[in-house]
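For the protein sequence lines, the chains are A and B, in the order given. Under this note's numbering, the first residue of the first sequence carries the number 1, and numbering increases by one thereafter. Under this note's numbering, the first residue of the second sequence carries the number 365, and numbering increases by one thereafter.
These are computed hints drawn from the structure, not numbers from a lab. Accuracy of the hints is not assured; some may be wrong.
Calculated cross-link-like contacts (lysine-lysine; reagent style DSSO-like; alpha-carbon spacing at most 27 Å) [as the list claims (entries may be wrong)]: (1) A/Lys-52 with A/Lys-187; (2) B/Lys-525 with A/Lys-52; (3) A/Lys-187 with A/Lys-70; (4) B/Lys-405 with A/Lys-135; (5) A/Lys-70 with A/Lys-127; (6) A/Lys-52 with A/Lys-106.
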Amino acid sequence: MVGHGKAAVHFDAVTKRFGDVVALDEVSLAIARGEFMTLLGPSGCGKTTLLKLAAGFLGPDRGSIAIDGKCVNDVPTYKREIGMMFQNYALFPHMNVADNVAYGLKTRRVPRQECRRRVAEVLALVKLKGMEDRKPRQLSGGQQQRVALARALVINPTVLLLDEPFSALDKNLRLDMQIEIKEIQRKLGLTTIFVTHDQSEALSLSDRMAVMSEGRIRQLGTPRDVYRRPRDRFVASFVGDSNRLRGRLVNVTAAGAVIALGNAQVKVPGEAFSGAAADHPVDLFVRPERLRLVDASAPGAICGQVVAQVYQGGHVDLQIDCKASGHDRLLVRSSGDQAIARWPLGAAVGIAIDADGCAAFPAE
Amino acid sequence: MTPRSTYQRLLGWGGQCVIALILAFMILPAIVVTIAAFNDKAILSFPPQAWSWRWFGRALAYPDFRDGFRNGLIVTAWASTIALLVGAMFAFVIDRYSFPFKRALEGVLVSPLVIPHFTIGLGFLILAAGIGWSRGFAVVVACHVVLVLPFVLRSVYVSLKNLDQGLEHAAASLGASPLRVLLTVTLPLLLPGLVSGWLFAAILSFNEFTASLFVTSQRTQTLPVAMYNYVREFADPSMAALSVMYIVATAALIAFANSFLGLGKVLNIEQRE
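Using the sequences plus the hints, can you model the full thing?
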C-alpha cells in the first residue's frame, strides 16, 4: 500500500450519490507517483464517476480527494493541473491542431516563443509533425487521438486522466495506440488514471488495477495478482475468461482447501472457506488455459463432447459440452493448433484440471 | 433497369405533375404581383396592357415608405438584438440547469407563438397608455422583442443541444476559467445558432404587421403599416412595385446567408461538421 504522503492522487472514503443511486460507496484509493492505475469495471460501476471526481467535473458528497498531497475538494477543474483525454477526444472543432495543442499553454500565459517550441516538441512526440494546420475533422481517428494526447501532455500535468480513449478505434490501431501511450507514459513517468471496461486493456497496460462493481473497489492489485488470485466471484468472472464448475468442499487446512469435482480433487487457497462446513457446495473458477484435454477414459477426468472449435491463430478455443457430467459448457484453450485435428467435432473427450491457478468460492 | 408497368409510369408522371402544380401554386402570387408592378396604368389590373418602371420610382420616392423603411430597420435592429441576448440567456438556463417550474417558464417564453399578434399589440397599447408611456420606438421594440423571442430561443436552444459539453470540460481541464471557456469555446461554436436566431428575428420583426398596427404611431410606423395605410387611400401599382423590391431584397439576404454562412447551418437543419 502506498503511503498518503507519497501518493500523487489520493481518494479517501469518497462517496457520491446521484439521487437515490449510490455511484461510489466510501471508495479509498491511493495512486503512487508515476503509476499507471486502471479503473476497470462494467458500465455503472462508478469508475467514470471516480475519474470525474479527480478531474473536478463532479464534487464528492463525502470524503476527500487529494492531488499531490493537497486536498482539492474545493479546487475547480481549471486550477487542478490535470491532463485529460476524453472518449470522443473532445478536440475543439473550430481550431487547428496547433491551436488545440497550444490551448492549455495559452491559458497558462506561456510566452509565444516557448509555446511554439513546446507544441512542436509534443507533436513530434506523438508523431504528428507537419499536421499543425489541419482541422480535427481532416484527421483520422488515430490522428485525432494523438492530438488529444498531445494537448493533455503539453501542459506537464500532475496526473493524466484517460477516459476510455481507445474505445472508438479499430482493433489494430487500438493495440498500436496502447503500446504508444504506455511507452510515452513510462518515458515521462506520468501518474495516470485509466478508465476502461475492457479487461484485456486493463491487464496489458496497468501497473496496478482496481476492479470495480456497484460503487466499490472489489480488488486492487497488479494485473497478475488480479488474474491469478481473484478475490471474489465477480472479479473471477469479469477479468479474463473463466469456466465455472460446481464442486464440493472436502476439507480446509492451513495449506488450503480441497475441492472434489466428481472423482477429481483440486487444491485451492483456503481464505474464502474459513468456517465453511465440509461437503459445502463450491464454485470453482478455472481459466480456459488451465484445462487440458485428455482421453475420455483418463481417471478423474470430466467427460464431455467437442461441440465447437474456434481457431485463433496462436491458440485454439474448444467448447466442450459436459452436461452428462453435471457441468455447463466448458471452454478449453489449447496453444498451437494440433488440438483441431486431435479432438474433432463430436469427439468424446476428458478434461483434466491443472490444480494450480484455480479460484474457488462457496456457492451462493 | 427493371421494366416498369404502364400503371407505375402513369403514377410517376402524375406525381411529378402534382409537385409542379404545388410549386406553381406557391409562387403564383409573387408572379402576379411582379407582373402587376410593371403595369403602366394607375390601377392594379391584370394582365397589364402597357409596361413601365415608373411605380418603382414612386414607391422609392414616397415619403411614408422611406420613413417606414427607416423605422423598420431601427425597430428590427433593436428588437432582434435584444431578443437575441435575452433569448440566448434563457436558452442557456433551460439547457443547463434544472429548477422548479422550468416547463412553465418554457411555456411562457414560447406563448407568443399561440397568442394572436393583435392581442399582444393591443396589450402593449393598453399597457403603454396605462403607465403613461409615450408611443415612441420603445413600445414598438418591446412588443417586437416579445413576438420574436420564441424563435431566437428555439434556435439557440437547438445549437446548445448540439454542443458537446465535453468540449467545455476539455477546455476547463486545460486550465481555462469559466469565462475563458465561454469566450473561446462555447460562443464560437454557438455562433451559427446565434446568427440564425438573429436573422430569423430580424426577418420576422421587419415583416410584422398586426401587432405593429396597434403600437406604432404616425411617427414610428414600420413599412408594413405604411403599406397598409397606403392601400387604404390609393390603388396604384406602387404597392406591387414595393412588394417586388421586398422579394428581391429577401432573396438577396438569403443568398448572402447561404454563401457566407451556409444556409443549412444558419437554419440549423444541417448537422454541424
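Hints, one by one, checked against the model:
Simply put, A/Lys-52 and A/Lys-187 have alpha-carbon atoms about 26 Å apart, close enough for the 27 Å limit, and the pair holds. Of the supplied pair hints, the one linking B/Lys-525 and A/Lys-52 holds, its CA atoms being roughly 21 Å apart against a limit of 27 Å. Using a Cα cut-off of 27 Å, the hinted pair A/Lys-187 and A/Lys-70 holds, with the two alpha carbons roughly 25 Å apart. Between B/Lys-405 and A/Lys-135 the alpha-carbon distance is near 60 Å, which puts this suggested pair outside the 27 Å criterion.
For the proposed pair A/Lys-70 and A/Lys-127, the alpha carbon gap of about 35 Å is over 27 Å, so the pair is violated. For the given pair, A/Lys-52 sits about 24 Å from A/Lys-106 by alpha-carbon distance, which is consistent with the 27 Å threshold.
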